[in-house]
Every structure is written in structure tokens, then in C-alpha cells.
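Protein sequences appear in the order of chains A and B. First residue of the first sequence: -19, per this note's numbering; consecutive thereafter. First residue of the second sequence: 226, per this note's numbering; consecutive thereafter.
Some hints here could point you the wrong way.
[Said to hold, decoys possible] Each computed PhoX-like pair below joins lysine-lysine, with the alpha-carbon atoms no more than 20 angstroms apart:
| no. | chain 1 | residue 1 | chain 2 | residue 2 |
| --- | --- | --- | --- | --- |
| 1 | B | Lys492 | B | Lys441 |
| 2 | A | Lys3 | B | Lys320 |
| 3 | B | Lys373 | B | Lys403 |
| 4 | A | Lys28 | B | Lys403 |
| 5 | B | Lys866 | B | Lys1073 |
| 6 | B | Lys339 | B | Lys290 |
Bear in mind the hints are in silico, worked out from the structure with no lab data behind them.
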Amino acid sequence: MELCPLIKNILLLDSEGNRVAVKYYSDDWPTNSAKEAFEKTVFTKTQKTSARNEAEITMFDNYVVVYKFVQDLHFFVTGGENENEIILASVLQGFFDAVGLILRGTVDKREVLENLDLIFLCLDEIVDGGIVLETDANVIAGKVASHSMDDGASLSEQTITQALATARERLTRSLLA
Amino acid sequence: MAQPLVKKDDDRDDEADYSPFLGIEKGAVLQEARVFNDPQLDPRRCSQVITKLLYLLNQGETFTKVEATEVFFAVTKLFQSKDIGLRRMVYVMIKEISPSADEVVIIVTSSLMKDMTSKTDMYRANAIRVLCRITDGTLLTQIERYLKQAIVDKNPVVASAALVSGIHLLQTNPEIVKRWSNEVQEAVQSRAALVQFHALALLHQIRQNDRLAVNKLVSSLTKGSVRSPLAQCLLIRYSNQVIRESANTQAGDRPFYDFLEGCLRHKAEMVIFEAARAITEINGVTSRELTPAITVLQLFLSSSKPVLRFAAVRTLNKVAMTHPMAVTNCNIDMESLISDQNRSIATLAITTLLKTGNESSVDRLMKQITNFMSDIADEFKIVVVEAIRLLCLKFPLKHRALMNFLSNILREEGGFEYKKAIVDSIVILIRDIPEAKETGLLHLCEFIEDCEFTYLCTQILHFLGIEGPKTSDPSKYIRYIYNRVHLENATVRAAAVSTLAKFGAMVDTLKPRIFVLLRRCLFDNDDEVRDRATLYLNTLGGDGAVVQTGDDVKEFLFGSLDIPLVNLENSLKNYEPSEESFDINSVPREVKTQPLAEKKAPGKKPTDLGAPLAGPPSTADAYEKLLSSTPEFASFGKLFKSSAPVELTEAETEYAVNVVKHIFDAHAVFQYNCTNTIPEQLLENATVIVDASEAEEFAEVASKPLRSLPYDSPGQTFVAFEKPEGIPAVGKFSNMLRFIVKEVDPSTGEAEDDGVEDEYQLEDLEIVAADYMLKVGVSNFRNAWESMGADCERVDEYGLGPRESLAEAVNAVINLLGMQPCEGTEVVPKNSRSHTCLLSGVYICNVKVLVRLQFGLDGPKDVAMKLAVRSEDEAVSDAIHEIVASG
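When you get a sec, could you build the whole thing from the sequences and use the hints?
Here you go:
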């Protein structure tokens, strides 16, 4: 009997159900078509619900899925039918908030795609092979962003300038928006 | 709350479809990946290219082996760059393409080992995770020292990385990971929450087979010092396991109950819930123990968070099955959940209420449900219907209200499954609650007046035919049934005719009227309907005289057909019109063994309203029985495998012969199934003369002739060989059927006394390596693969040449090996350029074999394959390769 809480997958889909970034940690879906079929089911089953304020939850085919939507993005975390729903929800919240922090509040599909590298890193920092690594959004976002502030490495002048430039650019954009 | 947020800036709307990956194409990205080889690396550009590669993989694109290897090599060049962001992407990329070949792994190992000892925490943590993902046993011993250090590293991220990797590695290299338990134990005391969680998970897995150690671990930790909520949840699960396993389940001195109860006051919701759930799952929990858990779950029911409400209502729903009284306190909160926005919660609430509700609350409940039913999906409705059925059986006095409810929802819109669930429920209620019968039958009658599902109509008509005549006033059903004859399709009309006949048979007063109706059916434009009407008129004596219906007629109308339909069909086909009428008693009642040719299981058929049919008996068992009951072969021991029948003759020849190869440890038996297709001949003393000159290791030891082979009645003859014990000997056999043929007079069926010896050449037969392989599946291939270990692993690559398609190549190799595909990997997705197929089997002498096949298209048609075999015996691993090499 598996006693450790396990995450089966984390999905980030757009408002039409297309894959934006996904990560599967279980062999339950061995092929890409199996994965796509699962995503389609999840999407259609949750599409009409409103999961914009609080995380919502559903259960089908022996999976528990918690989800949350923002703008044109749908976040999902799946666990086995006996998983503690609140643990799943904390992983979802960690992912959701970390993405918010990384994208500095402008969370939509376009912004996610433009920073897809950071989203992949974020997924990598939340769960490792199904086991929860971290659920605190600040820590996750910190780890993802750490490459511009890690003290152990010798940062070249140029990268700092680059980082500042991106930051400024983002700031301007959010001010103008 | 429902309205979606409007986008803040309107000017973006027209470019909503914009994506930085628009029109991305694999070939182009692979070209771009050449920048990884530049002497002057541009970290930003390299990161972008990796992101594109990851995007492609994430979208389901697959890389061929060559492409993957190339990308992998190129990515390893990026270790030269000192850019941290780029390094992070490199780590992710390596994990994503996770090369399996050892020689490839070695390339990165040194770079990763350098990172693993780096001063930068982030490097150490990530390098550990990557390295442990791609490492094997030998490499692991080299880096073990660093991993042990990392477990107690002062940086929590590094420690967690090492611990989580340890959890994964425990599956493949348990003996190594078990050596780390001192460090892991130290990490359990860590001040960092997640380190504690990961350390506890690993420590428990290391000790899970030692009950005493687990007990000790749980005892010491439950005394407090666990900070992380996740670790606390683990601890609750572990203590629950200890409770489950401890023999003395007397309430009061139950170990750890106090700990669980204390956790109900924890500040983290996940811990509170975990503890509450654990308490409800205790074996033989008393209501006093249950109460505090129910109380916290009740609080969750009114939470603003849907997840909490769902978790609570789901748990209470389960509790309601065993302790309905304990849950009744929550009924008021539960009732307010019926209108919950989240339909899963609402459905769970309803079904819980239906389980806990008392007789007096039923009516109120039904009213609430009626409002609720219209706006939920069919699948939820089915759950509710089933709950209502159970409720009705519990409170038979309430059948009127519940039956009304069912008939109301039966009239509303709904799909087949939903309608079937309702009809099934009504049928069950009619059967079990006598008072509900008449109303129930009328509801069903009304339903078939306007029912679009032929299947449901015929089932209901059949049911009416059995139950209707036993009611106080059978005549009122006739109208509904006869209406079907006017209004429905032929299938339903035929069913209606049968039902009418049943009324006629059972109710003598109705007989004259039934005859009138049946006679009208004689003019139906469908012959099945006409035939049935004619048949029933005759059996019931419709020639005017109203007679008592005889028992045999009743038996005919109401009895069940106890003959396998296949046999009946065969006998009817063979029956030739003659003076003698067809005798149903001549039909064999035995269920013939199914032809071994593997049929796809037919799509899920709707089950009958009655009992489901029993499945056909397993052929393997039948063979084993047949062979062990034959004295000649009884001494051969246990049958290892029987092949599928191999045809040795062309279709439509005089004699049809196929052969089943039975493999024993030191013997092989050929079972020749012969059929004589010439009515004018009787074959006697048929044997197969086998020439085994091309199968040197086989020596014939016995032969069992077939006494007599009359027309169209299959018989078997056997030939047995001795072969070296336990060795997968192969060979080719040529076969000749020898027999004495006698002329048969077709009019009398008598054979002449004198016969002539004759021979008939059959096709050759081969014993191949796959005959020594049993198809035995494994449930979790990866676990099995990893626990098998790489000790006897053999890996090689093969070019399969031009093939029709990837799927065809995959099938060919599966058939060649005769192994069981696992996890649906035999299915090749359309248009894929590469595919991994997992096979498992048991080779002769009971050696487990696992195979991982990786196929890739090399050029337009050429298929390349990498074959990795793991087994318990390297000779067997080699043998599998030989099968493929020679196949």
C-alpha cells in the first residue's frame, strides 16, 4: 500500500482545453493520446464550473482533480481516488501562486507562453516523480528566479543588466496595462 | 461569482491567438540546436532553444532515437557555460529526454558529479536529482558518499533533493539506500519542514517490512517534534497502519487513538482532515471514538472552500455506509449542500442523506432531489437513482413516493444508461416489494408508450409477460402491449407478440381476446412477427377451442433455453429437411471449447435484466484436463503451454486438420484436430505420420490414433515427442495423415465393411522459440523492470528493414516473441515516428522475462529497433535476442 501522498499529474491548459504545459508523474497514461484523452475529459468536465475564486474539485474514473482558473488559463492537479484532497489543493495553490509571482501578477496564456522556461522550472520544483517537493509559492518562485540572485555563482555584469532590463520592461508594461 | 474576468487591456484581444511558438516545427528547432555547439555560447539563445525543445516534447512530439541522442550530446556541451539559468534548463532537459543507454549517461556523469560537489546549493540539489534519475547501480556506489552527505546538508533544498531521490532509488537499489538510514534518521529531526517530510517518507519505506521498527518509529514521533503538516499526515497514515495491523482492537486501549484525536486540533486543515479520515477508517471504530472526527468534518461541510466541503462530504458518505447513525447529526448541513454549486458535492450530499435519512424525512428529501435532478449530468443522476433504490428497499412503506419519483424522472429527458438504471431499479423494486408491483408495472407500461430505446422496450415487454399475468387485473396491460404491435419497429413488435401469448397462456379468461389480437398479427409485414404469431396460435390451441394450457406449453413459453445457442445454431444448419422433424434433444448441451484464435472481447453488451451469462471456460484448463486424462501423456507432468491452433490444410479441402502444440518440460505433444468434410466417407484408424528429421532433438515416443472419424464430427489424434528437458529446442516437422477410408451410403448412413488405406499430405509444422514463452502480464511494468535489476540485462539494436508501418513492425516482433504486451503499449499512436513497447512473459523453466522494445523510423520506411531484455537468467536474455536475431 502506498502511503506517501502522490501527485499523478499537473496540467496547465488554455480556455479551449489545449495543452500549455503539463507534467505527468504516473504511468497511468502511457501514451500521448492517453494523456490527451485525459486532458479532454478533465477539461470538459470542469469547463462549465467557476473556479476563479476558490479552487474547485471533482472526481471521475478513480481520480480526484482539483482545479483553479484565471483569465484564459486552467490549472489542474490530479491525485488517486484515496488521496487527501487538501494536500492536492495545497499543491495546486502552490503552483498557482508561484506562477502568479513569477509572472508578476499578469497571468494569462500569452504571458505564460512567453515565460514558458520559468513555468517548466516551476513544475520541476513542485513535484519530483510524484512526490511533493515544495508547496510554498514564495519558495517555489524564489527557486525559479534564483538564477538571477544566487550568491554562489559569479554573475557577469551583462546578466545583471539584462535582468534589470527585463524587470524594467515588465514594470512599464504592468503600469501601462 | 460565475462571470469570467474581462481582460484588462482591450488592444490585446485582436492578437489573442499570438504565441511565441506559432508555427514551431521540430526539424527547424533541431537545426537551431546547433547553437549548443558554438565555441562562444550565447546562454540566452541556448535557453530559448531548450525551451522550444521542451515545448515540443510537452506537446507530445517524439524524437527518434537518433534525434534524441544528438540533442542529448549537444545539450551536454552546455555544461561549459557558467550561466545559472541555462544550467537549470539543461537539468530539466536531461531529465526530459532521460537517455537510457549507459554509454550516453557516462558523458554527463562527470559534469553532474562536479555540480554535485559544487558550492552552489542550487547546483548540488539539481545535479543530485538528475543524476539519481539516470544512474544505475554501479554509478550509485560511486556517488553514494556524496548523497549521504547531501541528506544531512544544511541547505534544506539539497537535503530534500537527496531524500526524494532516495525514495525513487529505493525501488531499484534497495540494498544501497538502506545503508543510509543513519543519515535519514538525522534528517527526520531537521528543522526544515519539508526535509522532515521527505526523510520520514524515506525512513518508513526503508523499514516498512519491519513491523517492530515501524511501530517504534511511529511511537517516538507521535510524541511531538514533527513540524511539517505533510510529515504529520504521513505519521497519521503510518499510525493508522499500525492500528490496522495490531491484533488487539479493544476500544479504549487502542494505540495511537489519542494521537489521532490530538491531530484533530492541529492548525493545518490537511492534518485535521487526514486525522478525521483515519479515525473513520479504524476497524471496528466505536461511536464514541467517531464523534470528534465527525464533529470536525461537520465544520468542514460549511466551509467556504469547495475542496474542504468535498473532502468532508465524501468521507461522511463512506461513514454513512457503516455508521449511518453517527452521520445523522450532520444532516442539516448536508441538506444545504444539495444546492451546492459543485455538483459532485451535491450528489455526494444527496446520496449520504439517502443513506442516513429516516422514514419520516423521505418525502421532504424527495422534494429537494426533484428540484436538483434537472440540472445535473446523467452520471450523477445514475448515482442518485441507485441510492433511491436502496432507500426504497430499506423503507418499503415509502415505495409509493419513491416509485412516483422514479416514474417522473423516467419521463424526463435522459440517455440510455440513465434510463436503463431507472428501469432496472423499478424492476428490482417490483420483484422485492409485492405492494409496489402493480403501480410499478403501470409505470413501465406508460414508459414504453413513448420509449426510443428498442432494448429497453423489449426487456420491459418480456418482464411484463412474466409478471403481468399474475396481477389482479391482467387485462389492463393488454392495451399497452398491443399498442406496440401497431406503433413500433419489428423487434419490439415481435417481443409484444410473445408477451401477448404469455398472457394468453396464463389467463384463461383472456384467451379468446388474445387469439383475436394474435390473428391480426398474422398480417404483419415482418416475417418474425408473423412466425411468432402463428407459432403461439398453434401452441395455445387458437383454432377456436378454449382449452386449459398444458404444462409443456407453459414450459415452452416460460422455461429458459438450457442449450448453448451456438450448438443449436450448428445443429440447425446441419439439419436437412426430411420426414424426421428436428429434435431439440439431439443438440449437444456441452459448451464446446472456444476456438483459440484470440478474439477481441465483444464490446460491452447491455446486460440482461436477469442474470449475466457465465463466461466460457478457459481453454488452457480444458487442454490440461484432456491431456492429463490421456494415459499416454499423463506422466509428462505439468503442461507448460498450448499454442493457438495452426492450420495444416487449406480451407475447403476434403479433410480439415489443424494442430495445437502442447509443450511440457521434457515433451511436446501435437494435437491434430481433424474434420472429415466428405459425407460419403468414414475414416478409421487415422494417425499422423510425423517426419522429425529436421528436428533432431525430438524423438517420437507415442502416438494415439483416432478410431473413427465420421463426416463433420471433429476428432483428435495425438503424437508425442521427447525432447531435452528444460531446453527450448526448435525444429520442423512434416506431417502425413494416414487412415483407412470406407464408403458410406448417404441414404442409410451405413459404412461398407471393407476399407482402403490412404494418405493425405499435410503442411509442415514448426516448433519455434515463442512456443516456450508464456504470456504473463505484470501490473506495473516499471516496478517489475526495476526490481528485476540490470544484472542479466542484454541490450542490442536491430534494423528491421523496410516495413509497412511502425505498428506492423511492433506487431511482428510481439508475435515473434509470443509475449504479453503491458500497459497498452502494443498500440502505436497514428503518425508516430517512434514507439516504446513493453512486454512480459515467462520462459520455460519459469524464468520471468521482461522486454523493452524501442522502435524508431529511420528514413521513410526503415524501422530500427532497440531491444533490452531483463530476466532472471542471462542465458534466457541471450535466447530472447537469438529469437529476434533469427526471426
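Now the hints, each set against the structure:
1. Lys492/B with Lys441/B: The given pair, whose Cα atoms are some 26 angstroms apart, is violated under the 20 angstroms limit.
2. Lys3/A with Lys320/B: holds (12 angstroms)
3. Lys373/B with Lys403/B: Within the cut-off at roughly 11 angstroms; holds.
4. Lys28/A with Lys403/B: violated (49 angstroms)
5. Lys866/B with Lys1073/B: Since the Cα atoms of lysine 866/B and lysine 1073/B sit roughly 15 angstroms apart, the hinted pair holds (cutoff 20 angstroms).
6. Lys339/B with Lys290/B: Violated, because 27 angstroms separates the two Cα atoms, which is more than 20 angstroms.
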